[in-house]
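Student: Put chain B on the given structure of chain A with help from the hints.
Protein chains: 2
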Amino acid sequence: MAETFSDAERDTVHRLIRTRRDIRHFSAMPVPTDILIRMLEAAHQAPSVGFMQPWNFILVSSLEIRRQIKASFESTNAVELNKLNDMDRQNLYRQLKLEGILESPLNIAVTCDRRRDAPFVLGRAPMPDTDVYSTCLAIQNMWLAGRVEGIGLGWISLIDHAATGKILHLPEGVKLVAYLCVGYPVEFRAKPLLEEVGWKSRLSLNALVYQDTWGTPAQVLIP
Amino acid sequence: MAETFSDAERDTVHRLIRTRRDIRHFSAMPVPTDILIRMLEAAHQAPSVGFMQPWNFILVSSLEIRRQIKASFESTNAVELNKLNDMDRQNLYRQLKLEGILESPLNIAVTCDRRRDAPFVLGRAPMPDTDVYSTCLAIQNMWLAGRVEGIGLGWISLIDHAATGKILHLPEGVKLVAYLCVGYPVEFRAKPLLEEVGWKSRLSLNALVYQDTWGTPAQVLIP
Chain A
98 MAETFSDAER DTVHRLIRTR RDIRHFSAMP VPTDILIRML EAAHQAPSVG FMQPWNFILV
158 SSLEIRRQIK ASFESTNAVE LNKLNDMDRQ NLYRQLKLEG ILESPLNIAV TCDRRRDAPF
218 VLGRAPMPDT DVYSTCLAIQ NMWLAGRVEG IGLGWISLID HAATGKILHL PEGVKLVAYL
278 CVGYPVEFRA KPLLEEVGWK SRLSLNALVY QDTWGTPAQV LIP
Chain B
98 MAETFSDAER DTVHRLIRTR RDIRHFSAMP VPTDILIRML EAAHQAPSVG FMQPWNFILV
158 SSLEIRRQIK ASFESTNAVE LNKLNDMDRQ NLYRQLKLEG ILESPLNIAV TCDRRRDAPF
218 VLGRAPMPDT DVYSTCLAIQ NMWLAGRVEG IGLGWISLID HAATGKILHL PEGVKLVAYL
278 CVGYPVEFRA KPLLEEVGWK SRLSLNALVY QDTWGTPAQV LIP
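Chains as they are written, first to last, in my numbering: chain A, 98 to 320; chain B, 98 to 320.
Errors might be hidden in some of the hints.
All copies of an identical chain are treated as equivalent in the list; a pair is satisfied when it fits inside any one copy or across any two copies.
[Unchecked claim] With a straight-line cut-off of 20 Å between C-alpha atoms, the simulated EDC-like cross-links for lysine to aspartate or glutamate are: (1) Lys-272 - Asp-226; (2) Lys-297 - Glu-138; (3) Lys-167 - Asp-309; (4) Lys-297 - Glu-161; (5) Lys-167 - Asp-257; (6) Lys-263 - Asp-309; (7) Lys-297 - Asp-214.
No wet-lab data here; the hints were simulated from the structure.
Chain A with its partners taken away, still in its complex shape:
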């Protein structure tokens, strides 16, 4: 196999990576089945420790189930809001839309089946969580495959994972890694929302790169 990519194709990939967003505002338009299949296929092409392929994808279209998960979000979110002492920060937080569970046409729960191939997974023993890491790599593939067709993903981290696992009937040994809202976004904004509203700035990449050991400035200078 001698697959190569042109400079123009390289630039396309970087434009895709740069314009991917975490989406909270969705149109109700359904996700076409052929696009959904391509997104799942992209996820399934991710690398995995010992070729374990530990992922599953639960397509949550049922409104009844999504209402239960939304309720879990609401209570978790209220707890978080109360942790903020600064009133300005609390007001800013309150204005943020942090999920699109019911508005998006589809939710996808991505899980990691930690029992798969047990007890021996090549390369996994020194760091058992590499199965979960593999699942994350699959999610990024799916995220990019969605974006290239105009589909947005929103990763909802503010849910009670134990409660959600029960709602989705996850067996013991299967871990919920991500709960995603999926659909056409109202828009892909130019910057991440938290950057745009002034919650937090993008860090300087150059300061995040070290040489040989932690804290030693890198020889390469990133503009």
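Tutor: Only chain B this time, still in chain A's reference frame:
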């Protein structure tokens, strides 16, 4: 921002995702600095919980440090080999090349700084490991950005992470997520190595997709 992508661009992205490999055999040719920078920039564009950007990248070029890490690999690998009872399986395992720490021109350690933005990271509290997940998403971006320019990555999971953390002088609170070998591969093979040598087959995607709850077959049929 109304960035859209053509069908041809979509196909390029899927070709990229399909032809990415976990590389073990490297040429000694150095990674050009401009490509390395683009790979790091792609990583830094990954999504992160609460826009935390918890990643750092340690560019390990020192041969002395890499020799120490290679020694850690050797002892971990010997332990793993002895776990296999089946002699055929043990022989197959022995033939697998599982790292390219010294042959590759560059190693990159990717870490997650769990102290960043402490104590309050928006959205992280219900699942503290989402910072590590964000770091994995950055790694997949870097992996794809490398592949599109002909650079291969190999994720070495068979190292002692505590020992490697000491070698790299990681402070407490900074977690080593991935140790990567980086460089031009001898080749990008058509299939994952573990599939090619018969260690394990690719699973049927259709069997991994459920509807609404775990175990319920999906309505969408994946060919």
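Student: For each hint, tell me whether it holds in the structure or not.
Tutor: Status of each hint after checking the structure:
1. In the homo-oligomer, the alpha carbons of Lys-272 and Asp-226 lie at most 20 Å apart both inside one protomer (11 Å) and across protomers (12 Å), since each shortest distance falls under that limit.
2. Taking the shortest Cα distances, Lys-297 and Glu-138 sit within 20 Å of each other only across copies (18 Å), while inside one copy they are farther apart (34 Å).
3. In the homo-oligomer, the alpha carbons of Lys-167 and Asp-309 lie at most 20 Å apart only across protomers (14 Å), although the nearest pairing inside one protomer, at 45 Å, exceeds that limit.
4. For the identical chains of this complex, Lys-297 and Glu-161 are neighbours neither inside a copy (35 Å) nor across copies (39 Å), given an alpha-carbon limit of 20 Å.
5. Within a single copy, Lys-167 and Asp-257 get their C-alpha atoms as close as 10 Å, which meets the 20 Å cut-off; across copies the closest is 41 Å, which misses it.
6. Proximity of Lys-263 to Asp-309 under the C-alpha cut-off of 20 Å is restricted to the inter-copy arrangement: shortest distance 12 Å between copies versus 45 Å within a copy.
7. In this assembly of identical chains, the alpha carbons of Lys-297 and Asp-214 lie at most 20 Å apart only when taken from different copies (10 Å versus 41 Å within one copy).
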